[in-house]
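Peer 1: Protein chains in written order, with the working numbering: chain A, 726 to 869; chain B, 726 to 869; chain C, 726 to 869; chain D, 726 to 869; chain E, 726 to 869; chain F, 726 to 869.
Worth flagging that the hints you see were computed from the coordinates, not collected in a lab. Heads up, a few of these hints could be off.
[Claimed, not checked] Think about it this way: if two alpha-carbon atoms lie no more than 30 Å apart in a straight line, the pair counts; the simulated DSBU-like pairs of lysine-lysine are:
id	chain 1	residue 1	chain 2	residue 2
1	B	K799	D	K728
2	F	K799	F	K728
3	D	K799	B	K799
4	B	K728	B	K764
5	C	K778	D	K753
6	F	K728	E	K760
7	E	K760	A	K753
8	C	K778	F	K778
9	E	K800	D	K800
10	A	K728	E	K753
11	D	K819	F	K799
12	C	K800	A	K764
13	E	K778	E	K760
14	F	K728	A	K735
15	F	K735	F	K799
16	A	K800	F	K792
6 protein chains.
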Amino acid sequence: MSKTVYIIRKEHFNAAHKLWRNDWSVEKNEEVFGKCANKNWHGHNFNLFVTVKGVPNPDTGFVINLKDLSRIIKKEVVDVFDHKNLNLDVACMKDILASTENMVIQIWEILEEPIQLAGGVLAKIRLEETENNFVEYFGGNEPY
Amino acid sequence: MSKTVYIIRKEHFNAAHKLWRNDWSVEKNEEVFGKCANKNWHGHNFNLFVTVKGVPNPDTGFVINLKDLSRIIKKEVVDVFDHKNLNLDVACMKDILASTENMVIQIWEILEEPIQLAGGVLAKIRLEETENNFVEYFGGNEPY
Amino acid sequence: MSKTVYIIRKEHFNAAHKLWRNDWSVEKNEEVFGKCANKNWHGHNFNLFVTVKGVPNPDTGFVINLKDLSRIIKKEVVDVFDHKNLNLDVACMKDILASTENMVIQIWEILEEPIQLAGGVLAKIRLEETENNFVEYFGGNEPY
Amino acid sequence: MSKTVYIIRKEHFNAAHKLWRNDWSVEKNEEVFGKCANKNWHGHNFNLFVTVKGVPNPDTGFVINLKDLSRIIKKEVVDVFDHKNLNLDVACMKDILASTENMVIQIWEILEEPIQLAGGVLAKIRLEETENNFVEYFGGNEPY
Amino acid sequence: MSKTVYIIRKEHFNAAHKLWRNDWSVEKNEEVFGKCANKNWHGHNFNLFVTVKGVPNPDTGFVINLKDLSRIIKKEVVDVFDHKNLNLDVACMKDILASTENMVIQIWEILEEPIQLAGGVLAKIRLEETENNFVEYFGGNEPY
Amino acid sequence: MSKTVYIIRKEHFNAAHKLWRNDWSVEKNEEVFGKCANKNWHGHNFNLFVTVKGVPNPDTGFVINLKDLSRIIKKEVVDVFDHKNLNLDVACMKDILASTENMVIQIWEILEEPIQLAGGVLAKIRLEETENNFVEYFGGNEPY
């Protein structure tokens, strides 16, 4: 059996957002989205954990060089999301609800190819919005 | 492939318990359960992480509304376990050993149906007893 | 010597803000405030630690009842700052720069009197903006 | 000026307790102590941080050898409080309310002399009961 | 379905290491391994999480007695890796690159049999090198 | 009273060291320094918290610009200590024991002047060596 190892890199970004549908009334927005519907936005410190799997390269001992993985995440995600308004400033989030569920799917779409080009296989993304709320995504796979 | 996302909510409760069998001698209890057999109880801060999976609802961006998930966990688990004695006060734990393994199985049994009624699928429960000891349960499934 | 004990309660809130001066050019704002000057806001999860000092009441063992302290912080601070835009929605922050330094001073001004009315003495406030940036305030005192 | 350094050692213990006065009615106990008055106890994971100050010994670079400090805390506090019932099993807590305020004062009384005999000066004790509730004690001093 | 529970024990060790190949030039080592190639070593606090799966024993409520699991990890891993130089002092690491990927594979090889002898099934190992870099290993299995 | 606020920046570095005196026997070194005397070194992830005090500048709301504070700490401390051997590679530690007590004093000496030049007053340094061992230094002052 090949010795597949999963390596995880944590990065973080701080962003503003709101959960809001223009085609719903204020009351409906507040009923569904609660405080997250505040019209002037609110924000979070997001922690992002990106898991790449692979067999360690015998020359380096690495699944993927963490310098490369960190550089990819910073360029593709952190530079785009950090200190931004998710609804107004981040292209891939503009036409969808800024829920963490939708965020984690978009971040997967963004990272899958550059990580593949760097020789890795994206296996899982975890996104932490607060100390109590997190999402995890396996590219649509359902390991459990 | 459907875009299944896993969403996790953390709640916590503080409880007393002991690990003890009446059909065993004091010596046998202490040999097997160590300090956890102290007859006058001891206690812990328990952190509970409940994972629900599903495809985000296109209308809300949510797998499940975290307000609903939090409300269900608080009503079904926290209100029953918090500031209680697991051996004496919690009905579902009375006839079984108050190990974290047994606790996490009971909590799964409690939460599976209400989460299903709220439109989610319970996928995993993690229960942290101390900074060093945790259990995880996938409803009996063995993803690895 | 009286046995003064310091008791600390942690609460948290999530908010949007930007660091921005209308009387400065865009360039000047970006030079001084960096990414924090993003015009469409960004946000944070703020952790707030409120320290109250006093001699434990012999009848209760309490410096202050934590239920009361938590209720005061939630009513006076969390309900005002949580899921809000600090620059637009929070009255006490409107005419000043939304730095953590200014926030912690304002939160002290808000909490000092209600805590005194509840029989405590506000001793210290710690406000955490990210995992790496914090401020502490002792009401202007300089213990070190 | 002498180069006084403060060194801190973290230890932990898990214990059961309740907040309860026999000379009060059930109603009065529940009004004041809330869920903490549950008659069958509840419990916590307590984190204990002991600060010792002094000028580093030029022969060792140590204010106090952490092996000694850890050994003292374990013998005097952890062995006495861990996996115990604070109200029933811990002599120094029996006649007083088992609040964290009273606990931290008792722990100071216990540790002050053995630390002095080991060549250190006890400066501060921090006791964490939950992720949100803490007490700190400076031996009755009020640095701020 | 059998009620398989996963139980996790955290231990830690502190060690020095460097990432270095003698058959590469200094420049090549620094290009690939960056700061980790510093010839005089550097070091880390490693957190190790060992997951064992099984059906709780009806007599004890345990998948495996955590006292046994902790003892095995301490004897087989912590005593061997703690306060050591991974390249010079740890036999199983001597002829391979001291990457976390290689470490986690070696630790699996070490722990699999003793845990089996104690009645458990090793299911996963997580090794944390810093707050931002982690690896996970499922014995070569790829659950996702 | 002036509204003095304390602002704290966290940085981190990973380093190898040993506690060892050449003028002592192996036995004496091991008796005093325990596992920390391992001749081939061991290492840690160090967390460094630097506190600067001052009255917020009315033009910026800042005690000190955190970009400047972070830059100073990185240039003066992190670049010097990170991925290094404290005993062999770090000039200011070469002739003294590499205890955290001595480290925190040296780091104070390094940072005091550059922070003053940036308009701040260094008030406190906290250095965390492991999850259980920390030191704090107030420049020799004894606030408590």
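Peer 1: For every hint, state whether the structure bears it out.
Peer 2: Hint by hint, here is what the structure shows:
Between B:K799 and D:K728 the CA atoms are separated by roughly 51 Å; this puts the pair beyond 30 Å, and the hint is violated. In summary, the hint linking F:K799 to F:K728 is supported, as the alpha carbons are separated by about 28 Å, within the 30 Å threshold. Between the alpha carbons of D:K799 and B:K799 the distance comes to roughly 36 Å, so the proposed pair goes past 30 Å and is violated. Note on B:K728 and B:K764: the hinted pairing is violated, with a Cα-Cα distance of about 50 Å set against a maximum of 30 Å.
Distance hint between C:K778 and D:K753 is fulfilled; the C-alpha atoms sit about 25 Å from each other, no more than 30 Å. Distance hint between F:K728 and E:K760 is unfulfilled; the C-alpha atoms sit about 42 Å from each other, more than 30 Å. For the hint linking E:K760 to A:K753, the alpha-carbon distance of about 54 Å lies beyond 30 Å, and the restraint is violated. Distance restraint check for C:K778 and F:K778: the Cα-Cα separation of roughly 22 Å lies within the 30 Å cut-off, and the hinted pair is therefore satisfied.
With a C-alpha separation of about 24 Å, the suggested pairing of E:K800 with D:K800 holds against the 30 Å cut-off. For the suggested pair A:K728 and E:K753, the alpha carbons sit about 26 Å apart, so the restraint of at most 30 Å is met. With a C-alpha separation of about 51 Å, the suggested pairing of D:K819 with F:K799 is violated against the 30 Å cut-off. At most 30 Å may separate the alpha-carbon atoms for a hinted pair to count; C:K800 and A:K764 meet this at roughly 21 Å.
Distance check on the hinted pair: E:K778 and E:K760 sit about 38 Å apart at the alpha-carbon level, beyond 30 Å; violated. Annotation: proposed proximity of F:K728 to A:K735 is violated, straight-line Cα distance about 37 Å (limit 30 Å). At most 30 Å may separate the alpha-carbon atoms for a hinted pair to count; F:K735 and F:K799 meet this at roughly 10 Å. Note on A:K800 and F:K792: the hinted pairing holds, with a Cα-Cα distance of about 20 Å set against a maximum of 30 Å.
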